[in-house]
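Peer 1: Once you have looked at the hints, place chain W on chain H.
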Amino acid sequence: MSCFDALAGYGLRSIGTGERLLPKGDITLCEQFALIGSGLVWNVYFAVIAVVLGFFFATALAVAKVNGAAWLRVPSNIFIFTFRGSPLFIQFFFAYELFSHLPRVGIEIPLGFTTITAHTSWLTKAWLGATIVLFLNTGAYTAEIFAGALRAVPKGDIEAADAFGMSGMTKFRRIIWPTMLRLAWPSYSNEAIFLFHATTLVFFSGFPAWQQKGDALYYANYFAEKTFNPFVAYPIVAFYFVMVVLLIVMLFGMVGRKLNRHLAIDQHDVGRVRRNKVFSFLTR
Amino acid sequence: MCSDPSSLEGLNWLWCYLTTAKHMKFYLSFGTVILLLVSTVPFIVMFGFLGALARRAPFAPLRWFGLAYTSMVRGVPDIAFFLFVPIALDQFVELVRHKVKCPDVLEPIYQGNDFVVCTAAKMPLSASPQWLHQAWGLTLAITAFAIVFGAFAANIIHGALMAVPKNQLETAKAYGLTDSQTFWRIHMPQMWVYALPGLSNLWQILVKASPLLFLLGIEEIVYWARELGGTKPSVFTYPHGDWRMWYFLALLVFYLILTWGSQKAFEWLENRLAKGTSTVQGRAA
Chain H
1 MSCFDALAGY GLRSIGTGER LLPKGDITLC EQFALIGSGL VWNVYFAVIA
51 VVLGFFFATA LAVAKVNGAA WLRVPSNIFI FTFRGSPLFI QFFFAYELFS
101 HLPRVGIEIP LGFTTITAHT SWLTKAWLGA TIVLFLNTGA YTAEIFAGAL
151 RAVPKGDIEA ADAFGMSGMT KFRRIIWPTM LRLAWPSYSN EAIFLFHATT
201 LVFFSGFPAW QQKGDALYYA NYFAEKTFNP FVAYPIVAFY FVMVVLLIVM
251 LFGMVGRKLN RHLAIDQHDV GRVRRNKVFS FLTR
Chain W
285 MCSDPSSLEG LNWLWCYLTT AKHMKFYLSF GTVILLLVST VPFIVMFGFL
335 GALARRAPFA PLRWFGLAYT SMVRGVPDIA FFLFVPIALD QFVELVRHKV
385 KCPDVLEPIY QGNDFVVCTA AKMPLSASPQ WLHQAWGLTL AITAFAIVFG
435 AFAANIIHGA LMAVPKNQLE TAKAYGLTDS QTFWRIHMPQ MWVYALPGLS
485 NLWQILVKAS PLLFLLGIEE IVYWARELGG TKPSVFTYPH GDWRMWYFLA
535 LLVFYLILTW GSQKAFEWLE NRLAKGTSTV QGRAA
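Each protein sequence line maps, in turn, to chains H and W. Everything in the first sequence is counted per the numbering used here, starting at 1 for the first residue and increasing by one. Everything in the second sequence is counted per the numbering used here, starting at 285 for the first residue and increasing by one.
Derived by calculation from the structure, the hints in this document are not laboratory data. Glycine included, each C-beta is placed from N, C-alpha and C at the ideal position. There could be a bad hint or two in this list.
[Stated by the list, open to error] Below, simulated BS3-like cross-link-like pairs (lysine-lysine); rule was C-alpha separation at most 27 Å, straight line:
| no. | chain 1 | residue 1 | chain 2 | residue 2 |
| --- | --- | --- | --- | --- |
| 1 | W | K559 | W | K457 |
| 2 | H | K125 | W | K516 |
| 3 | H | K155 | H | K258 |
| 4 | W | K383 | H | K226 |
| 5 | H | K226 | W | K306 |
[Stated by the list, open to error] Which chain W residues stay away from chain H? Per the calculated CB distances, all over 10 Å, these:
| no. | residue |
| --- | --- |
| 6 | S291 |
| 7 | L321 |
| 8 | R347 |
| 9 | K406 |
| 10 | L409 |
| 11 | S412 |
| 12 | L422 |
| 13 | Q452 |
| 14 | T455 |
| 15 | A558 |
[Unchecked claim] Here are a few chain W residues that face chain H, going by a calculated C-beta distance under 7 Å:
| no. | residue |
| --- | --- |
| 16 | P361 |
| 17 | K492 |
| 18 | L499 |
So here's chain H without its partners, still in its complex pose (with noise of 0.2 Å):
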């Protein structure tokens, strides 16, 4: 089998397409490369959906936490102490769990055009069950980062806000927002590498790799095991998630620039950022 129809076989294989069968006796390094690969699009799949959306969740759940009544605040701390005190592991455990126990039942979703009917026990598949459990606890770690930053905005900036009459929605989005995103920016983009890190439990804890389709992990450990040889499929995976960790450092490198572009050049204040870095890039 040469390169290229490793390449062909495999290259897609996490997602049901080329060959059925994962390779067996004679491996090279090839099919390795495209096997362990292909399975990398499923943790960027829960990554990029669980940090985009818990993005927005957890926005919420910062100002909830901070500046909402205690109705709305009491809930949001609880949220984020559960999420963040729990092993994550666990919690892919309880919430495949608790979603089999779930009746089995469709719901008809009305999209206009046309309808589509959702089952529940769509929540059993790790493409849906864990996504959704990754997003959750990532709106929590990343909702303690957010309410951290909001506490830090400056008072002058809001006062100023205030004097330009500027109330609520517009306060918040224009003047508080903002300065929250720059001062969150260095330990926001670490809690997105480790939640990438983290997509890597998913098919290690209950949610079970339908018809061998599972990350890249879940393939370097099919090849270790097959092959007895760890010293291989493991430096593999591990320079994928370099690659891609490098290119979220980059990504959020630049977002973070353009958050900080209004300011001099000295006002950037790279000491308390790496500071900040040194302390805080642990989160899960």
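Peer 2: Coordinates of chain W only, in the frame set by chain H:
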């Protein structure tokens, strides 16, 4: 009372069910988890120190090694290390033993899809008692944890060493202290205040990573939760449906209590350590 479970009802049944020998093992495994966590800490701090010192080493290759070690945990998921380190270490030890104990066996060790060492090189020997196999498994698991979390700790300690105000060290020098005296008497003691927020965070992460021991084949709480919670048909003494959800709920509560308690303990410690240091906290105290 519990001699005839089939005649029991309600709370009595539940009481007897929750006190079976297997459940006792389940409760004991909570202690095992905490014990494992605590016994990993010295190794993590040791690896952390070595990593941080390597990053400050005057010898460039050692410094690069330190940088690579401390950066790897940002790039690669910890779970990948937990899966990789135990097998890699196990194979490495068996390889060395193979070379030492059976030098006359010339066949390659990696034969196709097999890893073959002579019988005398197996670790532990297949004739060894069961506890030795378990102890070896635990050693591998603790090593994997120490390597990964040691890298995190090295990051924190490195940052903390950098955060100690420069004038403190300059003053020490002005008083005529040697480099090693400055390090041990001035730099190290002051570092802890800066390291503690990071280290307490690291402890919380270590706590939350502990269920991953399940993936390393250790009979801990996740193992027992799956074992005990699974559907028990009527042939069992205490038949019940699929109760895994409730067992995992119990684990969630256990972890919430553990992380909450740790947080309170660290807050107290941070305030105590800050006394008498040149930080805001210290001045306020």
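Peer 1: If a hint holds in the structure, say so; if it doesn't, say that too.
Peer 2: Comparing the hints with the structure gives:
no. : hint            : verdict
1   : W/K559 - W/K457 : holds, 24 Å
2   : H/K125 - W/K516 : holds, 25 Å
3   : H/K155 - H/K258 : holds, 23 Å
4   : W/K383 - H/K226 : holds, 24 Å
5   : H/K226 - W/K306 : violated, 34 Å
6   : S291            : holds, 29 Å
7   : L321            : holds, 12 Å
8   : R347            : holds, 18 Å
9   : K406            : holds, 14 Å
10  : L409            : holds, 19 Å
11  : S412            : holds, 21 Å
12  : L422            : holds, 19 Å
13  : Q452            : holds, 17 Å
14  : T455            : holds, 22 Å
15  : A558            : holds, 15 Å
16  : P361            : holds, 4 Å
17  : K492            : holds, 4 Å
18  : L499            : holds, 6 Å
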